[in-house]
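For chain A, the structure is supplied; the task is to place chain B on it using the hints.
Just so you know, the protein sequences line up as chains A and B, in that order. Using our numbering, the letters of the first sequence map in sequence onto residues 1 to 716. Using our numbering, the letters of the second sequence map in sequence onto residues 1 to 716.
No lab work stands behind these hints: they were computed from the structure.
Any copy, or any two copies together, can satisfy a pair, since identical chains are not distinguished.
Subject to a maximum C-alpha distance of 30 Å in a straight line, what follows is the list of computed DSS-like cross-link-like pairs (lysine-lysine):
{"id": "1", "residue 1": "K253", "residue 2": "K312"}
{"id": "2", "residue 1": "K594", "residue 2": "K525"}
{"id": "3", "residue 1": "K525", "residue 2": "K563"}
{"id": "4", "residue 1": "K36", "residue 2": "K25"}
Note that this is a predicted model, so its numbers are computed, not measured.
There are 2 protein chains.
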Amino acid sequence: MKVKLVLNIALQYDLKKKSMTDTQKKVKIVFTPSGKRGSFEIGTKVLDAARQLGVDIDSVCGGRAICGRCQINVLVGDFAKHNIHSDFTSVTEISEAEKKYAERRGLNEDRRLSCQSLLKSDAVIDVPASSQVHQQVVRKENESHDIDINPIIKPYYVNVAKQKEKPLEQKSNSSLHEIKTFKISVEEPDMHKGTGDLSRLKVALSEEWGLDNLTCSLDVLQSLQPVLREGEWKVTVAVRNNEEIIAVFPGFKDELFGIAVDVGSTTIAAHLCDLSTGEVSGSAGLMNPQIRFGEDLMSRVSYIMMNEGGEKDLTRVVREAINEIITTIISENNIDAEDILEMTLVGNPIMHHLVLGIDPTELGAAPFALATDLSADIKAKELNLNINSGAYVYVLPCVAGHVGADAAAVLLAEEPFNKDEISLIVDVGTNAEIILGNNQRLLAASSPTGPAFEGAQISSGQRAAPGAIERARIDPETLEPRFKVIGCDLWSDDEDFEVNIPVGGITGICGSGIIEIVAEMFLNKIINQDGKINKALSETSSRIIEDGRTYSYVLHDGEQVIKITQNDIRAIQLAKAALYAGVKLLMHKLSIEKVDRIRLAGAFGSHIDVKYAMALGLIPDCLVDEVSSAGNAAGTGARVTLLDKESRNKLEGEVRKIEKIETAVEPSFQEEFVSAMAIPHKSDDFSNLAKVFNLPKPEQQGAVEQKRKRRRKRVR
Amino acid sequence: MKVKLVLNIALQYDLKKKSMTDTQKKVKIVFTPSGKRGSFEIGTKVLDAARQLGVDIDSVCGGRAICGRCQINVLVGDFAKHNIHSDFTSVTEISEAEKKYAERRGLNEDRRLSCQSLLKSDAVIDVPASSQVHQQVVRKENESHDIDINPIIKPYYVNVAKQKEKPLEQKSNSSLHEIKTFKISVEEPDMHKGTGDLSRLKVALSEEWGLDNLTCSLDVLQSLQPVLREGEWKVTVAVRNNEEIIAVFPGFKDELFGIAVDVGSTTIAAHLCDLSTGEVSGSAGLMNPQIRFGEDLMSRVSYIMMNEGGEKDLTRVVREAINEIITTIISENNIDAEDILEMTLVGNPIMHHLVLGIDPTELGAAPFALATDLSADIKAKELNLNINSGAYVYVLPCVAGHVGADAAAVLLAEEPFNKDEISLIVDVGTNAEIILGNNQRLLAASSPTGPAFEGAQISSGQRAAPGAIERARIDPETLEPRFKVIGCDLWSDDEDFEVNIPVGGITGICGSGIIEIVAEMFLNKIINQDGKINKALSETSSRIIEDGRTYSYVLHDGEQVIKITQNDIRAIQLAKAALYAGVKLLMHKLSIEKVDRIRLAGAFGSHIDVKYAMALGLIPDCLVDEVSSAGNAAGTGARVTLLDKESRNKLEGEVRKIEKIETAVEPSFQEEFVSAMAIPHKSDDFSNLAKVFNLPKPEQQGAVEQKRKRRRKRVR
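Extracted from the complex, chain A is given alone in its bound form (with noise of 0.2 Å):
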């Protein structure tokens, strides 16, 4: 076992010179990996050592061997040389509840309690990992760093009846008026302990492990005095941010879940979290029902606009997929609902107003103001959420009128404001929302991408889903396209395609297939800068035909017939400028000309090849090792402020810094708009996209610049 190595080389001196032959009372001990030390009493529990020099030790149980949080392992050898192995000669026998415990729970050889170890003789006593209240879980695929284990729910286990269970269990059925001749031992009333069940509840938890002045949940009083019975008044008590007590389990539960909520306009995401170990127990999604109302942000307004209450609608049914999602992820994993004890929640504005019961309208035009762009801790039930009746929900704070706590959730998951190095976060949607700066200075910005993106106003165009073409390519010479679709690990020109295409056929085509398609008819020159389709073509390649006044490129002539039109190519150009419009801006206003790192969050930016988001110009050019897919940052997040309750001061200090910038009363934004219809674009030299595309050079570029000009001044 490797253990980091803080020892003091004199204490080492020390420990050898000593420690067999000392016969004093006190016997001094080394925990590692912190390298706090100090000297104790012979007989002292190695936990209550850990405890006086603030060594960083979990447990639950309070030293009753229930929990098996305070494993230590106590080591020997030559530290200098790394020739170290376990000996727990320095500390007492194993106990008749440790022997328990390692039966009931199991206990590796090189582990004892430290809640039932006294100490004999000096030692140098290792706290592992996973005994450590500061946990880290470790970061994974596409997260940008760890994440510490400091949930804002914790679980005391208390026995509440001590010296006094006794006379409670001499409860006898006499009622109120008969006058009594039997005797009771109730204890005399005693003023510190309260006569209540919550004063002694208190009490206990203020003598076992310190927390005082604590409130309590409604929903707790109304289940304490069964919930006192039914565990013979040893219970868990799980406390919030040490003020609260939220709920009250008989005996003994370490188990104690959280969730994260990622509401999207499209999809809503939920993961659950073991509060203690920080893993994602499990997830779930479902399609966000208030699609119904409308596809986009913009026609769900408009709903509630039109409709008096709609507002309510769109609250009610989103809060049920919540609940679905809910009951679907607490049945797979085995777990009660009331084992969920706090919710962090993020969304755009909109989304987040609705799921709190705000209607958005205000959000649909300018001043674009937010209700609230604080983070809030709501009660779940009053947000009619089935988790358990005393938690929580944290909902994470909004940037901006666009910018919401779905980006503030990519801001902690990303940390920005920790690199020296210019960042680029963009979080594709129906608005993209846009991070850019540094340790230095931050912007915010939304820039109204529309939902091509995602499929949604492209002719063939569709969500994500099984028989969607994902993936494209042209071959230069026939201009013939190849693909692939989700569900299908082959490429449409293996001879095994056709067997292996999803039930259900070629349906459509997605975000990150459009994308691919446009740029590859652009880098073979099916499309010029200005996105116009070359009739000329239509004489040579039979994939280019008329279709109306305008001409489409046919990706797929199956059962159904996926073409790009004119119109999409359209459709995705404005969606493009938009985004890059919006990233122009920002540069602009932080003075830069290039950015050092971009990370694409969410499902897009985690589907698209960023090659060709580059070759069609959604993205600055940066260099392509740089561009990276940020996963499910706004996901990552949320799960963040459910497992570091120290990250959510942190990030509301961040949003509170950030500069917000309304894209949509900037002048200089319209200018960049319309020269950034382009493809790519016009303002680049783009030399790292020339690196991995044959581009057209910079000169060609102007020129088809320079005819776009000359035309507008005849439309003027």
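Structure of chain B alone, referenced to chain A:
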């Protein structure tokens, strides 16, 4: 106008000497009645000067001449000779805003608004009581002391828009998606001001009122945007305890209400209070509909024990009844439910638990464990109570298992903890709640009197309602009775009595009537000290009749025969013995033989004639002048906590200090109980009582007691 002159003589001299000649920029002012003084620049607002000096002067509108709370008088004359009058020459002329206020709401000639008056020269400025924040409500009949007005809810008027008003009104209907070319002069995002409406409201509250770190209830958030717009950015914010925004009203509003609710086993009563003046604006009451589940507390607990989920029925109906009272009270007072911003709630432990939705089964048997004895702040909507959706219910603490929040309220109304004399406070209901002690030591207990004092368990008993006999006298010569019934002012021997009795006739006898008649029977030797009816008298009086195996006294021989049976007398003896034994137990604990004063709380205490209560031996001997009704002390206590937030802390502290005595498990209670069965009782010398009535001498009592003891021996 009489002002409390606390002026420093030296300063008066200063003012006289310098006032009109001094040409310095600074002027000297003195405030009465506080005597606070200081120098200020000419042109300083009187309100600002008062604030700087810490003078107690009210304002809701923040100096906008809207609320009229900051009225002052300016006094001149010879203060030493009390020859003074109003003279406003030392402040600026009445302002336009002030004139508007005077037209709208009236302004006395000797009053000015301090927010509109600027200092011109030295002045003595009087702050009348009505302009002080810390007013008092003068006590009413039966009430022990005045109530300080310092409610937990305070209104603050703010203008959220200020300079920002114009841009916000330039709202366009343009949607989020369209790329816009219009320009909107939305203020540059400002880190300090925040970007959400709530943030801006919080900034306004901080800047104008110094209120920081406020939280905000979800209900407020949900209605914030429409309210801000309806009020054109001028709103009145109800803040609870300087901590939470619980309601926001459009425009200026200074009439906020609270409601104090006393949930009794039999009746529920509520008082609506104006939170600024402290006056009771209206009251309403209703029978407790739980009666249909059981007449007394124990039968209701039995109902719960016998019927799965029965506690939910009882909780539902009691909350419905409170809501019905609220509906009555708001319609009678022409206000909205939303105008009620705080509720305080008292009740015995079982009512307390049931209103909170806690199963009271544990209170039905030893050890009579309360779920909580602590006070609680609970959202009204969590209890389904229909007042403002952001409002809280402050639930007073319970004293002990049988000594509820109603007793705590009585404690606060009576304040025995502030007195040197030993007070005995008794609140008679189904259980008698007893508080005994003074500023040194306080004890509390509950005694199981049963419902006999309320007319239940008595053969002709009924609740106090029209037609019930409430007073009774027996002619010592003839043993003929005369009586009064509720609903008629005449005695039954008045010649007009027959035509004046209430519709429905004479229907029974209520608590006060039964006490008087049994006491009269004893005083007239119809019963002896053991309570036995002297059957020999049946030979001389037709009123004493043989009635099965025992004898009865016929009180009324009308359509309905109302007689006092031997069993009725036994029921009263049991009840009074329980009460007296409880009192005696506490007196023993406190090692006292006499109490200095007795206060009888509750409806029962208001109706009984204290002489008869003493004659019957309900209470120990005491100077009759020192025995008085405390009126509806529980209701008063509830009102005190509504009007004065400091009273809550005080009460919670005092309740914690009370020594709780559980009569049911005190062996000496049994002894006291047995010996208290005698009428009036054996242990007092009742010298005071002897002055009022012609009572048997102590020797006789002793004889009776001897006899009784002999009988007991035989039984053993």
